[in-house]
Amino acid sequence: MHQLYLTVGPTRYRLVSAWQRPLDQLAALYQNYPVSQDGYADFTVRLEPEKPWRRYIRPSVHISGDFWLPDAAPLPLDQSLLAAEMGMNLQMALGWRRHLLLHASSVEKDGKVLLMTGLSGSGKSTLSAMLAEKGWRFMGDEFALLDPDTGMVHSFPRLISLKNEAIAAMRAIVPENRFGPLMKGTPKGDIRHVIPPQNAVNRMADTAKPALLLFPRFGHDPALRDMGKSEIFVRLTQASTNYVALGETGFRALTHFVDTVPTKAMDYQSGDQAEDLIDSLWSELP
Amino acid sequence: MMRDAQSLVDALRDPVTVLSLDGAGWTDLISIARAESLIGSLAHRLANITVPEQVRPILKDAIQATDLARQQALWEADCARRALASLNCKVVLMKGTAYVAGDLDAGIGRSIGDLDIMAAQDSLPAVEEALLDAGWEWVKPDPYDDQYYREHMHELPPLIHRERDRMIDVHHTTLPLTAKPTPNPQAMLDAAVKLDSGLYVMSPADMLLHSVAHLFADGDLAGGLRNLWDIDRLVRQFSGADEEFWTELGVRARLHQLEPHLARAIRLAARLYDTPVDKYRGGHTRFADYLYIRRLLARDGWGRESRKFIRQAFYIRSHWLRMPPLMLARHLWTKWRKG
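As you go down the protein sequences, you meet chains A and B in turn. End of the first sequence = 286 in our numbering, gap-free, step of one. End of the second sequence = 625 in our numbering, gap-free, step of one.
One or more of the hints may lead you astray.
Stated by the list, open to error - Here are the simulated DSBU-like pairs of lysine-lysine, each with C-alpha atoms no more than 30 Å apart in a straight line:
(1) A/LYS51 - B/LYS621
(2) A/LYS134 - A/LYS264
(3) B/LYS426 - A/LYS51
(4) A/LYS209 - B/LYS594
(5) A/LYS209 - A/LYS109
(6) B/LYS594 - A/LYS51
What the hints contain is simulated information worked out from the structure, not anything from laboratory work. Note that the structure is predicted; figures quoted are calculated from it, not measured.
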């Protein structure tokens with residue numbers, strides 16, 4: 001078994017794998033992240049063959065670790081980088097308790113955070129990656145970490161995971177050397193990882209105050225709509241992986257968030273439209 | 287990387303042993319403790335130890351997680367109490383929920399999953415109906431499984447609450463009906479202790495014996511380190527509070543046909559956790575004890591199950607203990623055909 005330690009935001013991982021390859025790929029993509037060599041980790045992620053002989057024959061990667069799901073489907077070895085990322089996300093989703101986790105992307109400007117949440121395909125990840133190339137600080141495309149005591153958002157800038165059409169769209173504005181390998185035909189379609197801009201990594205310990213929450217929806221005429229607080233609250237409980245696990249702490253953090261952070265539903269058909277809508281909202285913020 | 291779970295056992299038995307761990311040693315210990323569902327117990331045990339700053343938040347998380355598990359377990363028990371209140375039958379809490387409801391040391395930091403309760407066999411149809419009325423549903427609609435449970439098991443087929451998504455196991459005795467020892471469920475119910483809530487927990491001796499039965503006869507030693515930790519905590523608390531405890535325990539062990547099981551559990555607990563057993567004659571260490579210890583510690587520093595062969599041997603043995611050979615063959619055949 002091979003080992004690799006990684007640090008993303010406040011979280012330290014130990015990855016152990018039956019194969020060297022996914023760890024080499026991760027080490028290359030995370031090479032500019034802070035290095036920890038003291039052996040400590042919050043979570044262990046394991047990549048192992050589903051059955052002993054599947055290490056060599058049609059190798060298939062079973063994802064497990066300190067926290068795991070009984071019915072996680074194995075992935076072929078050429079998608080082992082995706083398996084590692086899924087394993088790391090799984091530890092956060094099931095095991096992290098220091099923040100309320102929102103399944104949302106986040107970017108920061110002027111010390112204020114824009115969060116975007118929504119179903120898969122809403123474009124929240126792509127929009128955050130795009131804004132990160134246009135003067136915003138990228139804080140994460142998967143989880144926004146909300147501190148229940150301070151109400152601040154912590155950065156979790158793991159690799160940006162681009163799917164399908166978003167790959168070509170980002171390829172137009174991000175140089176090739178920041179891209180990971182293309183993984184075709186994964187359970188989530190084609191996937192390619194992008195290394196976040198270096199300032200997102202350098203500043204990954206800097207927290208910021210949430211200032212705007214959007215529920216983007218791709219493919220409709222550009223529009224902004226108000227949403228009722230109870231609808232926002234319920235949708236955020238669904239977007240949180242640990243709302244229930246945090247008990248009363250989660251409830252307090254989320255009600256405070258909904259009470260204080262302006263929120264809109266946003267429809268858009270292109271990145272430029274979304275950027276215009278976001279700029280107009282941003283300029284009106286207090 | 288650590289090759290077995292000895293570091294976890296050491297830390298639980300004698301918390302200062304963690305002071306010699308380096309960073310990788312801590313990471314191994316945490317993975318092992320999580321895999322054995324003992325991270326909450328460990329976190330509480332280390333409350334007075336100065337641990338590295340990297341480890342402190344991990345232990346704090348574990349304490350908070352098990353605090354919430356305790357609250358949810360008590361709430362779930364109260365839901366069952368309300369559902370069954372009109373039946374006027376004794377409802378006895380078992381395992382983790384009993385430990386926290388009785389405010390016992392064994393409940394400190396314990397992870398708790400399903401709600402386990404015990405009721406008299408003749409009240410089971412009414413209990414079943416009342417739970418179905420109150421929103422619980424069958425988990426296994428398979429007729430073979432259902433019939434198997436009803437004919438051969440010590441509990442109803444598991445039920446799950448449709449809104450809260452929590453399981454309840456309703457027992458009428460403590461071991462499968464096919465297993466060799468036959469504990470006396472009526473004696474357990476008669477001796478049960480009433481809590482302020484109106485729910486019951488088993489008497490100290492019975493509670494310990496149920497924990498022993500659960501460790502050996504009802505499983506393949508999966509989660510064994512946790513079960514044995516329960517036993518250690520129960521023994522320390524009960525024997526410290528009552529001089530007659532060991533005598534009573536001997537009497538009840540004979541009644542429930544669990545004397546050899548108790549003796550082995552006490553030997554293993556003393557060996558791994560230094561459980562004080564000076565007033566109990568558990569007999570000399572047997573060769574088989576060595577196999578049990580090998581099996582109990584079969585977890586490596588990455589949190590993986592290790593020692594595949596001995597694990598498999600205990601797994602097969604667990605089925606052997608539960609069923610006579612012909613029945614086992616028929617059962618495995620049916621399960622295999624159904625895939």
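Results of checking the hints against the structure:
1. A/LYS51 - B/LYS621: holds, 21 Å
2. A/LYS134 - A/LYS264: Between A/LYS134 and A/LYS264 the Cα gap is close to 22 Å, so the pair holds against 30 Å.
3. B/LYS426 - A/LYS51: Since the Cα atoms of B/LYS426 and A/LYS51 sit roughly 28 Å apart, the hinted pair holds (cutoff 30 Å).
4. A/LYS209 - B/LYS594: Judged against 30 Å, a Cα distance of about 50 Å means the pair is violated.
5. A/LYS209 - A/LYS109: holds, 10 Å
6. B/LYS594 - A/LYS51: Holds, because 13 Å separates the two Cα atoms, which is no more than 30 Å.
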